[in-house]
Amino acid sequence: MSQPNDISFQNISFQYPQGDEWALKDVSFHIEENEWVAIIGHNGSGKSTIAKLMNGLLTPQSGRIHIKGLEVNEENIWEVRKKVGMVFQNPDNQFVGTTVIDDIAFGLENHGVQRDEMLKRMKYSLEAVKMEGYENHEPHNLSGGQKQRVAIASVLAIEPDIIILDEATAMLDPIGRNSIMETVDHVRSERDVSVVTITHDLNEVLFADRVIVMNDGEVWKEGTPREIFNLHKELGEIGLDTPFVTQLSNSLKSEGIVLNQEPLTHKELMDELWTFYSRT
Amino acid sequence: MDILFENVSHIYQKNTPFEFKALEEVSFHIPAGSFAAIIGHTGSGKSTLIQHFNGLLKPTSGHIRMGDFNITAEKKVKDIMDLRKRVGVVFQYPEHQLFEETVEKDIQFGPKNFGLSQDKIDSRLPEVLKSVNLPEGLLSRSPFDLSGGQMRRVAIAGVLMMSPDLLVLDEPTAGLDPRGQKEMMDMFSRVHKETQRTTILVTHSMEDALKYADYVFIMNHGKLVMEGTPLEVFQKEEALNQVGLAVPEVIKFLHAFESRFGQSIPFKGQSIQELAKEMTEIVRRGVKDE
Numbered sequence: 001m002s003q004p005n006d007i008s009f010q011n012i013s014f015q016y017p018q019g020d021e022w023a024l025k026d027v028s029f030h031i032e033e034n035e036w037v038a039i040i041g042h043n044g045s046g047k048s049t050i051a052k053l054m055n056g057l058l059t060p061q062s063g064r065i066h067i068k069g070l071e072v073n074e075e076n077i078w079e080v081r082k083k084v085g086m087v088f089q090n091p092d093n094q095f096v097g098t099t100v101i102d103d104i105a106f107g108l109e110n111h112g113v114q115r116d117e118m119l120k121r122m123k124y125s126l127e128a129v130k131m132e133g134y135e136n137h138e139p140h141n142l143s144g145g146q147k148q149r150v151a152i153a154s155v156l157a158i159e160p161d162i163i164i165l166d167e168a169t170a171m172l173d174p175i176g177r178n179s180i181m182e183t184v185d186h187v188r189s190e191r192d193v194s195v196v197t198i199t200h201d202l203n204e205v206l207f208a209d210r211v212i213v214m215n216d217g218e219v220w221k222e223g224t225p226r227e228i229f230n231l232h233k234e235l236g237e238i239g240l241d242t243p244f245v246t247q248l249s250n251s252l253k254s255e256g257i258v259l260n261q262e263p264l265t266h267k268e269l270m271d272e273l274w275t276f277y278s279r280t
Numbered sequence: 001m002d003i004l005f006e007n008v009s010h011i012y013q014k015n016t017p018f019e020f021k022a023l024e025e026v027s028f029h030i031p032a033g034s035f036a037a038i039i040g041h042t043g044s045g046k047s048t049l050i051q052h053f054n055g056l057l058k059p060t061s062g063h064i065r066m067g068d069f070n071i072t073a074e075k076k077v078k079d080i081m082d083l084r085k086r087v088g089v090v091f092q093y094p095e096h097q098l099f100e101e102t103v104e105k106d107i108q109f110g111p112k113n114f115g116l117s118q119d120k121i122d123s124r125l126p127e128v129l130k131s132v133n134l135p136e137g138l139l140s141r142s143p144f145d146l147s148g149g150q151m152r153r154v155a156i157a158g159v160l161m162m163s164p165d166l167l168v169l170d171e172p173t174a175g176l177d178p179r180g181q182k183e184m185m186d187m188f189s190r191v192h193k194e195t196q197r198t199t200i201l202v203t204h205s206m207e208d209a210l211k212y213a214d215y216v217f218i219m220n221h222g223k224l225v226m227e228g229t230p231l232e233v234f235q236k237e238e239a240l241n242q243v244g245l246a247v248p249e250v251i252k253f254l255h256a257f258e259s260r261f262g263q264s265i266p267f268k269g270q271s272i273q274e275l276a277k278e279m280t281e282i283v284r285r286g287v288k289d290e
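Those sequence lines, one after another, are chains A and B. Going by the UniProt record's numbering, the first sequence opens with residue 1, and the numbers climb by one from there. Going by the UniProt record's numbering, the second sequence opens with residue 1, and the numbers climb by one from there.
It is possible that part of the hints are untrue.
[As the list claims (entries may be wrong)] Cross-link-like lysine to any residue pairs, in silico, SDA-like; alpha carbons within 20 Å at most:
1. B:K223 with A:R188
2. A:K83 with A:R188
3. B:K277 with A:N141
4. B:K14 with A:N141
If you're looking for bench data, these hints aren't it; they were derived computationally from the structure. All values derive from a computational prediction rather than experimental measurement.
When you get a sec, could you build the whole thing from the sequences and use the hints?
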């Protein structure tokens with residue numbers, strides 16, 4: 001292997017202690033360096049279990065997980081966790097500091113970052129999530145969206161190789177979601193980082209290079225967002241929706257409008273319609 | 001329950017350096033039986049507002065009338081206790097409030113606290129379970145063994161047991177998958193229609209407001225900035241953008257369609273298939289004109 005994958009799952013099976021069914025059944029996939037992968041699937045499909053396995057919060061009954069070439073096991077766990085930054089759905093459960101700035105400092109202190117470097121990182125990570133000016137606010141007095149941005153800032157400050165967002169935007173409004181996604185996209189343009197978003201939000205999926213669709217503890221499909229949303233009907237059968245644009249283009253197709261490619265954005269669909277309109 | 005807010009303001013930690021105006025001179029009327037949606041950016045004052053509906057917060061100034069109850073800054077909390085029996089609030093992530101050993105005990109905890117007789121509890125239970133789609137077989141299970149969606153239904157069942165005149169829902173679908181979200185909203189819509197109670201939905205989802213509400217309030221920085229039927233409010237795309245809100249995707253697309261093709265398709269609740277038909281007609285006409 002010339003370049004190790006950032007994340008590799010080999011034949012992972014996992015069962016919760018009281019569960020009667022396997023949460024993951026022989027799951028294998030790779031995530032490349034600097035890749036953005038979205039994992040989707042309905043509740044109970046196994047997506048959040050994957051996130052918890054990635055940094056060793058859970059241990060699989062069988063199979064091997066590697067993060068940046070390191071096997072996730074008891075010996076390497078702390079080394080692995082330095083490389084993986086996680087943001088969960090409910091920000092209330094992840095605050096430790098009494099002020100925003102303390103909270104960000106906590107992670108940095110744990111990683112033994114020098115003071116002048118700390119100051120620099122705290123500043124840029126708050127700027128990245130557009131929370132400058134909130135340094136001395138108490139986290140529990142912030143709104144849901146603001147809390148989530150602080151949680152993301154704390155993770156950005158650590159400069160992990162891999163950022164995992166486990167339904168991290170579920171509590172935000174559409175504009176807030178978009179701004180978090182753009183923040184992450186911006187970070188990715190500045191340095192090498194792999195991103196794994198575990199999400200229900202279909203527009204969030206469009207930011208990803210690749211999508212892994214989970215169903216009943218198994219990898220159901222892998223592909224680009226365009227390839228995946230092309231499977232409109234099959235996705236519906238496993239309880240997943242497709243974005244508005246996909247639904248509309250499917251309806252247009254059934255009215256006899258010919259589209260050259262599966263549009264993903266409003267603009268792409270509008271351009272397709274315009275092409276049809278102006279064709280002689 | 002008829003709801004009237006007159007110049008209601010709420011200031012947190014008044015006369016301290018931390019003083020914060022969360023609501024400013026808010027006035028509105030929600031007629032009994034309506035399904036209203038309150039929408040606003042995070043931090044717009046929505047959560048402060050809903051805590052006034054059952055007297056968890058009192059206004060710093062102004063006057064609130066909830067049915068027969070009047071709430072002002074001077075009102076004593078014990079006088080508004082009865083209001084809480086008639087206003088059911090489903091908070092965000094209500095499943096976090098579950099604590100009892102069994103589903104049955106958890107559902108009964110609230111009603112018992114409010115002094116509802118065991119007879120009434122027993123007679124209402126089957127009906128409530130039906131409305132939230134929980135099988136009776138789950139009653140003896142621990143609520144913590146259930147799935148996230150089921151746990152949330154248990155918490156909601158506890159609220160519905162009081163058969164409140166007003167049901168306040170704070171982001172009731174957060175964290176559910178799309179199918180779960182739709183099931184949950186359809187359930188609230190059904191409960192609303194069956195009992196003719198007043199429902200207030202606090203949401204980020206413009207799509208849900210468009211689909212379920214008959215009246216919409218837009219909050220920004222503690223002020224009520226717009227109100228009207230969903231169709232009226234969502235026509236004002238620019239004004240909504242200014243307060244950090246996006247119009248529902250379908251309306252956004254129709255606006256873009258109009259500016260591209262010069263022909264408008266007014267939105268009146270058509271399905272996607274119906275809209276596709278209307279668009280196809282316009283697009284085909286273009287082809288013929290060439």
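Hint check results:
1. Between K223 of chain B and R188 of chain A, the direct Cα distance comes to roughly 37 Å. Violation of the 20 Å bound is thereby established for this hinted pair.
2. For the suggested pair K83 of chain A and R188 of chain A, the alpha carbons sit about 15 Å apart, so the restraint of at most 20 Å is met.
3. Simply put, K277 of chain B and N141 of chain A have alpha-carbon atoms about 49 Å apart, too far for the 20 Å limit, and the pair is violated.
4. For the suggested pair K14 of chain B and N141 of chain A, the alpha carbons sit about 16 Å apart, so the restraint of at most 20 Å is met.
Checked against the numbered hints listed earlier, the structure breaks hints 1, 3; every other hint is satisfied.
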